[in-house]
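Visitor: Just so you know, the protein sequences line up as chains U and S, in that order. Each residue of the first sequence is one higher than the last, beginning at 1 in UniProt numbering. Each residue of the second sequence is one higher than the last, beginning at 1 in UniProt numbering.
Do not take every clue at face value.
Claimed, not checked - So the derived label-pair ranges between C-beta atoms look like this:
| id | chain 1 | residue 1 | chain 2 | residue 2 | range |
| --- | --- | --- | --- | --- | --- |
| 1 | S | 147 | U | 60 | 41 to 49 angstroms |
| 2 | S | 34 | U | 137 | 18 to 26 angstroms |
| 3 | U | 193 | S | 203 | 51 to 59 angstroms |
| 4 | S | 79 | U | 124 | 43 to 51 angstroms |
| 5 | S | 43 | U | 62 | 44 to 52 angstroms |
| 6 | S | 181 | U | 124 | 32 to 40 angstroms |
| 7 | S | 35 | U | 10 | 35 to 43 angstroms |
Just so you know, these hints were derived from the structure itself, not from any lab. Backbone N, C-alpha and C fix where the C-beta goes; we use that ideal spot for every residue, glycine too.
Below are the chains, spelled out letter by letter.
2 protein chains.
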Amino acid sequence: MTAFERSPDGGRGQARDIRVRWALEEVGQPYHVRLVSFSEMKQPAHLAVNPFGQIPTYEEGDLCLFESGSIVFHIAERHAGLLPEDANARARAITWMFAALNTVEPPILEFVTVVILERDATWHDQRLPLVEDRIRKRLAELSRCLGDADWLDGAFSVGDLVMVGVLRRLNRSGLLDEFPNLAAYVARAEARPAFKRAFEAQLAVATAASNG
Amino acid sequence: MTAFERSPDGGRGQARDIRVRWALEEVGQPYHVRLVSFSEMKQPAHLAVNPFGQIPTYEEGDLCLFESGSIVFHIAERHAGLLPEDANARARAITWMFAALNTVEPPILEFVTVVILERDATWHDQRLPLVEDRIRKRLAELSRCLGDADWLDGAFSVGDLVMVGVLRRLNRSGLLDEFPNLAAYVARAEARPAFKRAFEAQLAVATAASNG
Chain U
1 MTAFERSPDG
11 GRGQARDIRV
21 RWALEEVGQP
31 YHVRLVSFSE
41 MKQPAHLAVN
51 PFGQIPTYEE
61 GDLCLFESGS
71 IVFHIAERHA
81 GLLPEDANAR
91 ARAITWMFAA
101 LNTVEPPILE
111 FVTVVILERD
121 ATWHDQRLPL
131 VEDRIRKRLA
141 ELSRCLGDAD
151 WLDGAFSVGD
161 LVMVGVLRRL
171 NRSGLLDEFP
181 NLAAYVARAE
191 ARPAFKRAFE
201 AQLAVATAAS
211 NG
Chain S
1 MTAFERSPDG
11 GRGQARDIRV
21 RWALEEVGQP
31 YHVRLVSFSE
41 MKQPAHLAVN
51 PFGQIPTYEE
61 GDLCLFESGS
71 IVFHIAERHA
81 GLLPEDANAR
91 ARAITWMFAA
101 LNTVEPPILE
111 FVTVVILERD
121 ATWHDQRLPL
131 VEDRIRKRLA
141 ELSRCLGDAD
151 WLDGAFSVGD
161 LVMVGVLRRL
171 NRSGLLDEFP
181 NLAAYVARAE
191 ARPAFKRAFE
201 AQLAVATAAS
211 NG
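The task is simple: from the sequences and hints, build the whole structure.
Guide: Okay, here's the thing in structure tokens:
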């Protein structure tokens, strides 16, 4: 798989390769990471694997995949531990994965846009609370649905892994703390040994880069 | 499945139930549509099926699903016609589905936000071209990858269905026309008999609502 040579977040587990590392750790599969620089990501060799010039990408024999959601799902399909065996429970776990990526993450990506790309825009201060309110709406719905359960639908699944990966983008925003059961849900996931190994491995890359 | 009783777009095929209708038409499965009003969507009965209060939802025996991406994938897994049999080609088709929902659609959702929700904001005129440029970047990458092929990876698949569903949100923006091969790709998909049946069925609901 590929990951940032120098992650914009300094290895605090925001770059999307964390989701793939975590999935591989959950199912106990070893992996090799190839680091790519920002300029390499826009070169033909990388674009041949990911036409959008992003990380992570994933190679397994002849197969090349991109999109963290797709890679995580591929891993979950091939190895036990991330998808329930019951067909209906499996479909529901997949549904949560899509909900994370297509309903919960889009307003969070808008938040990242306003905080980073539009930091100096004249409308930054006015627009930020609007975007935060759109996120709060989704968090309130998710919070009500989770209730006091440990995970979204029975046992921990790929749906939780992707949802937590999305929610963690809000770690430093304070928004998660407004929903104590969601903050506890993310903390519960971060306490999993597989997550810790993935996080440490990603942080080690950033530490090596900053020392290099 | 559920759909809007009165679609905000007047039935021009933007509401996400079109993606589910289209998938069901491609695999030749009959379906029953239950229309829900905006107020019903936020009531406990609907929230029990979709915690985010959106359409479409999907019921099949004991199974209740939400998220158009998840429902379309569920249909593609259970019926022949939308996923290749070869394992690697199948994984790539799934990758395109995720790319559509998590890489191409987010800036398009920002566009919808700026055009509709922030129509009267003081920053509307300044921000619109920024968002359009983010979309153009993704469209340029997709256009280069598609080249002169008919579909994204060999035969038409669930990846094309979801990607076209996403790109069609730009139908009236003029942005697609800047990339002739993408405009032709969408037109090619819209010419499929299954799409036409899905579109007509959705339009019929809107026509009935406006006459009712």
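Visitor: Which numbered conditions among the earlier hints are violated in the structure presented, ordered from lowest to highest?
Guide: 1 and 7
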